[in-house]
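The listed protein sequences correspond, in order, to chains P and Z.
Heads up: the first sequence begins at 193 in the working numbering, then just goes up one per residue.
Heads up: the second sequence begins at 90 in the working numbering, then just goes up one per residue.
No lab work stands behind these hints, which were simulated from the structure alone.
In this text, a Cβ means the ideal position worked out from N, Cα and C, and glycines have one as well.
You may find that some hints are simply not true.
Stated by the list, open to error - Computed list of lysine to aspartate or glutamate pairs in EDC-like fashion (alpha-carbon distance at most 20 Å, straight line): (1) Z:K228 <-> Z:D140; (2) Z:K228 <-> P:E375; (3) Z:K228 <-> Z:E247; (4) Z:K228 <-> P:E231; (5) Z:K228 <-> P:E202; (6) Z:K228 <-> Z:D218; (7) Z:K228 <-> P:D206; (8) Z:K228 <-> Z:E244; (9) Z:K228 <-> P:D233; (10) Z:K228 <-> P:D505; (11) Z:K228 <-> Z:E238; (12) Z:K228 <-> Z:D215; (13) Z:K228 <-> Z:E266.
As the list claims (entries may be wrong) - Sample of chain Z residues lacking proximity to chain P, with all beta carbon distances greater than 10 Å (derived): (14) S100; (15) S164; (16) V187.
As the list claims (entries may be wrong) - Computed beta-carbon distance windows for the label pairs: (17) Z:S100 <-> P:E249: 23 to 31 Å; (18) Z:R162 <-> P:R217: 30 to 38 Å; (19) Z:R162 <-> P:G490: 44 to 52 Å; (20) P:D505 <-> Z:R186: 24 to 32 Å; (21) Z:R219 <-> P:R452: 26 to 34 Å.
Single-letter residue listing:
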Amino acid sequence: MTCPRIFEVEAARDGRITDRGSVERHLQTCAACRARGAELDALATSLRNRPVADDDELAAQRGRNRLVTAFDASLTAPPRRHGGRIALVTAALGAIAIGWGVAGRTPAPSPSLDPIHIDAASARWSRLDAGTTTVVKLDEGDARIALDHRGGPRRLIVIVPDGEIEDVGTTFLVRVRAGRTTEIVVDEGAVVFRRGLEPAVALHAGQRWLADEQITARSPAPPAPPAPAPSPPPVPPKRATGTGKPGAYALGAVMAKLDRGENVAAAATLREILARNPRAEDAAYLLVIALQRAGDAGGARAAARDYLQRFPDGFRRAALEPLAP
Amino acid sequence: MTAVSRAGSASDAALMASMAAGDLAALGELYQRYRADLRCFVLRATSRHDDAEDVLHDAFLVAARIAAKYDGRASCRSWLIGIAARLVQQRAQRIARVTRYLARLARLREGVRSPLPNLEARSSLDAIDRGLARMTAGKRIVLVMAEVEGMTCHEIAEALGIPVGTVWTRLHHARRELLALGDLR
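Start from the sequences, fold in the hints, and give me the full structure.
Rendered as structure tokens:
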């Protein structure tokens, strides 16, 4: 015995449907759905009742001591990377006598040949070139920086008041307000941002870093820096995704495109994700949605058929079956 | 009044603020408060119990380093669980990579067999534990956060930094895999 509304039992539990009252009323009359609910309850109870090995007081004490010692060490240890950067700057100063342009724009030596383009009209910044390394010190304001690698390998480090950004061949914007970095937006390539003692964060094209928030896929940015609003649970040290398998950020970027109505672009990104990972079920489903919204009914049908083929037991099967008769 | 006794009566938010300022006693107090909860979560969310202490250590250390970003909510339990969940997932991904590499190496050598089938046959795990052990880390973590920790799908999505639709998908498949085993006792 089954019921066409049986999926609603789980959907209501997970907050996928808002009208719980309708489900509750239905449960009173449908034995199949009640059985499904009982099955899910039994599963939850089994999971909650799984025994966990007893804790060991000694292990807890050891863990506490180890943790406090590690935290203490991290507070007292000199910031390794900063030290390296300072040494780099010092060595560069000694090796070649090119001075800092103090507080104000320092024009590039030869704009036509300069592989680094810095657009920072209202910012307070300075620049030092040492061999194939350029160090830009941004004290305040916005700087859009582009690095052209066609003239050979070049290293660019942007020193901000609370850390440093290492360019890995890119075009990016960095925003500094009141002595702290508030935003980094990467247009092309990638950068690595190191802030204080925090672990380095890699940002790839299309990603934006906001102070006090995690990395996000880029969405239309307001001109003003974001307010330090309550942030989502902070992230452990991580590398931002952007290549490889479709991670949360890749799908986040797709969702942002769909929100902006860039349906064709979203579909193209989803096809790339699926080419890299044919088991990306959410991407396969979103492709159907993107194509539908783009007005490509034939494409949406084909994508729905493709989903049903790839995921015969897929989570969205019921929703897509009518599209691919 | 010592730092420890001061920490003992403080709210989670106050401890977080102290920790952000480098107060070791605050970190010790938070560890005392949430070690047991976090340990249970990690043990349930990972199939590698020998890693649990390391994950706990790393989770609290990460929390200490980013305490300045704490959003001020009354209890930091779910915040800590979010950090631990991400660490469990990262570890699982690293282990999966190494396992795939070792499996490839094993296939190259004739006659070398994976020990896994024998281990599984000898295992005394019950059906649900076997199901959880076979499950991908992503699904397992979401399942534990929802069914054991009682977090909503939106809270899980926020904690893990993934779309809520992905949480729904993983949760559905995780339940389906376990329900397919039949005996849940």
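Status of each hint after checking the structure:
1. Pair hint Z:K228 plus Z:D140 holds up; C-alpha atoms about 19 Å apart against a cutoff of 20 Å.
2. With a CA separation close to 33 Å, the supplied pair Z:K228 and P:E375 exceeds the 20 Å bound.
3. At most 20 Å may separate the alpha-carbon atoms for a hinted pair to count; Z:K228 and Z:E247 meet this at roughly 16 Å.
4. Between Z:K228 and P:E231 the alpha-carbon distance is near 19 Å, which keeps this suggested pair within the 20 Å criterion.
5. Proximity of Z:K228 to P:E202 is assessed by CA-CA distance (about 16 Å); at most 20 Å being required, the pair is judged to hold.
6. Proximity of Z:K228 to Z:D218 is assessed by CA-CA distance (about 14 Å); at most 20 Å being required, the pair is judged to hold.
7. With a CA separation close to 15 Å, the supplied pair Z:K228 and P:D206 stays within the 20 Å bound.
8. The suggested pairing of Z:K228 with Z:E244 holds, with an alpha-carbon distance near 15 Å, which does not exceed 20 Å.
9. Between Z:K228 and P:D233 the alpha-carbon distance is near 18 Å, which keeps this suggested pair within the 20 Å criterion.
10. A hinted pair counts as satisfied when its Cα atoms are at most 20 Å apart, and Z:K228 with P:D505 qualifies at roughly 16 Å.
11. With a CA separation close to 14 Å, the supplied pair Z:K228 and Z:E238 stays within the 20 Å bound.
12. For a cut-off of 20 Å, the pair hint linking Z:K228 to Z:D215 stands: about 19 Å separates their Cα positions.
13. In summary, the hint linking Z:K228 to Z:E266 is supported, as the alpha carbons are separated by about 10 Å, within the 20 Å threshold.
14. Even its closest Cβ contact with chain P, about 16 Å, leaves Z:S100 beyond 10 Å, as expected for a residue assigned away from the interface.
15. Every CB of chain P lies more than 10 Å from the CB of Z:S164, the least distance being 12 Å, so the non-interface label holds.
16. Under the 10 Å C-beta cut-off, the non-interface status given to Z:V187 relative to chain P holds; the minimum distance is some 16 Å.
17. Judged by the Cβ atoms, the range 23 to 31 Å given for Z:S100 and P:E249 holds: they are separated by roughly 26 Å.
18. Roughly 35 Å separates the CB atoms of Z:R162 and P:R217, a value that falls within the hinted 30 to 38 Å.
19. Between Z:R162 and P:G490 the Cβ separation comes to about 49 Å, which falls inside the hinted range of 44 to 52 Å.
20. The hinted window of 24 to 32 Å between P:D505 and Z:R186 holds, with their beta carbons roughly 27 Å apart.
21. For the pair Z:R219 and P:R452, the supplied restraint of 26 to 34 Å is violated, since their beta-carbon distance comes to about 45 Å.
Violated hints, in rising order: 2, 21; the structure is consistent with all others.
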